[in-house]
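Undergrad: One-letter residues, chain by chain:
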Amino acid sequence: MALLTRFELFKLRTVRVTYGLWAAVAALGALFTAIEASRAGATGSGVAALSTAAGQSIVTTTTSWSLLFAAVLGVLVASGEHRHSTTALTYLAEPRRERVLAAKALAAAAGGAVFGLTASAVAIAIGLGAAAGAADPRLVPASTLIGHAAGTCLGAGIFAAIGVGLGSLLRSQVAGIVTVLMWGLAVESVIGGLFTSVRAYLPYTAATTMAGIKLGNAAFGPAHGVNGGSPLPFAAAAALVAGVAALLCALAGATSVRRDI
Amino acid sequence: MAVIEFAALTKRFGETVAVDDLSFDVEAGQVVGFLGPNGAGKTTSLYMLLGLVSPTAGRASVNGRLFKDLDEPLHAIGALVEAAGAHPGRTARNHLLSLAMLGRAGSSRVGQVLELVDLGRAADKRVGTFSLGMRQRLGLATALLCDPEILVLDEPANGLDPEGVHWLRQLLRQLAREGRTVLVSSHLLGEVAQTVDRVVIMAQGRLVANTTLDELTRLGGGPLGDTRSLEDAFLALTAPGATAGTGSDGNPATTGKGVLTPLGAVPWGVKKWRS
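From first to last, the protein sequence lines stand for chains A and B. Counting along the first sequence from 1, when you hit position 143 you're at 143 in my numbering, and nothing is skipped either side. Converting from the second sequence to my numbering requires adding 1000 to each position, the first position being numbered 1.
Note that these hints are calculated values from the structure, not bench results. This one's a predicted model, so the numbers in the text were calculated from it and none came from an experiment. Beta carbons: idealized from backbone N, C-alpha and C, even for Gly. Certain hints may be false.
What the hints assert, rightly or not - Below 25 Å or equal to it, Euclidean Cα-Cα: the simulated DMTMM-like pairs (lysine to aspartate or glutamate) are: (1) Lys1068/B to Asp1025/B; (2) Lys1068/B to Asp1147/B; (3) Lys1068/B to Glu1082/B; (4) Lys1068/B to Glu98/A; (5) Lys1068/B to Glu94/A; (6) Lys1125/B to Asp1147/B; (7) Lys214/A to Asp136/A; (8) Lys1068/B to Asp260/A; (9) Lys1125/B to Glu1115/B.
What the hints assert, rightly or not - Per label pair, the in silico range of CB-to-CB distance: (10) Met1/A to Thr1212/B: 43 to 49 Å; (11) Arg1012/B to Met1/A: 32 to 38 Å; (12) Gly46/A to Glu1072/B: 56 to 62 Å; (13) Leu1132/B to Thr255/A: 29 to 35 Å; (14) Gly20/A to Leu1116/B: 31 to 37 Å; (15) Arg6/A to Arg1059/B: 30 to 36 Å; (16) Ala236/A to Gly1128/B: 42 to 48 Å; (17) Glu1072/B to Ala132/A: 56 to 62 Å; (18) Ala110/A to Ala1008/B: 40 to 46 Å; (19) Ala1028/B to Arg6/A: 31 to 37 Å.
To be verified - Pulled a few chain B residues facing chain A out of the computed Cβ check, cut under 8 Å: (20) Leu1050; (21) Leu1052; (22) Ser1054; (23) Pro1073; (24) Val1081; (25) Gly1085; (26) Gly1089; (27) Asn1094; (28) Leu1102; (29) Gly1103; (30) Thr1142.
All chains should be built: construct the whole structure from the sequences, respecting the hints.
TA: Now the structure itself:
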């Protein structure tokens, strides 16, 4: 299994799209952190001043893009094989398809964790840099920052595995990417905005809370910043998101992965 | 000893029978041409052998085992099939290195096979920039990477220019001299005739011939009358209406040049349809 995972990691490292997504995670993270930092303390912005721990916590956790891009990476790892007709070659090298699926999920999870780490590093650097620029001292403990970064890595890693399960199920790159983005940017925002009591149980939202993002702050549109509900404890959120990944991969392993090439 | 076995292999796609009760063996060290018109079921049969398509009935095995049960498939069997492409964004070298890692072939072997297929100078170019012929050569390099004793090549001459076809012929001869077992499907009958020991011909999903090249093209006295070349025999056996379905004894029958040849009644190689 380790060799098969290394094989999938090597494949991931040797195509440009991986680096393109990685760069996009860093660029979007920088852009949105800079926007949040510039709005910090302004009336109606919803972002507390950088002179407060709450404000610094918000700007140093502008990492939700990394979750979505990790899922997109996972979709590409799985459905890209079908798009480029490389599935058969992979199965000629390792005919036990469930093992291939598991190795893809592990390799994508490693890539997703790197995305999460990158997003956290960028957000912390820019967020604390903005605070320092305003002569505000760091008010968020280092242990908290590390915890948020670790949560982002874990959440992004699991989301990449979700992407592998989804991509394997759909076998279409476009359908997989659209599903990820629609789910993260629209479906959960709408459901979470309308039913605040259940939003902590939505997988993308749960993953954002693992990253230290305030419940509701990763939502888009009118639902952004809507108060209500409590985030799941870290372990429960991680278990929920991992359960979704396991369910999708199991479904794919029992259905689409077994199909004829 | 049979290293490749097709035993009553059948594949149906809905109402369509793509492969119908296919049975034949390939002995160790033989180079076997696998022929048939488009849609005859050759590729589907090879895909079932390679575990890429599930049979509806029957079994295809390599060294007595299903492909999925092979311990080191890359070492046991090298395959060139259309569906097994390379990622266009990856270089040829990295494409092979990834598989060499999985097959524990070593990076030096990657250089060797790249040189063998004359892609040494293009090794670090992305596969997306390759011509069809170059991709075909890369596919052959992939098949040869782990030095397998058995090769399954589905239309290896596709996309090759005349020089490439000449090169492929030399390669197949070299593989034969090395004692490897090769099952090669091709539309280039002239090339097949110069290379193979045996010929297996399919039409409309059924086996219509499994014999040596000499027997198939024997002048006079053969059941195909005055057949003189592989092409003549191929056309006679695969022409519309040539496969008559079932003979009087319930076995597959073939008409060609007016000859009806129920299985088991033919005194030459074609009778070995079912081994």
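Undergrad: Hints broken by the structure, by number, lowest first?
TA: Nothing - there is no hint that the structure violates, so all of them hold.
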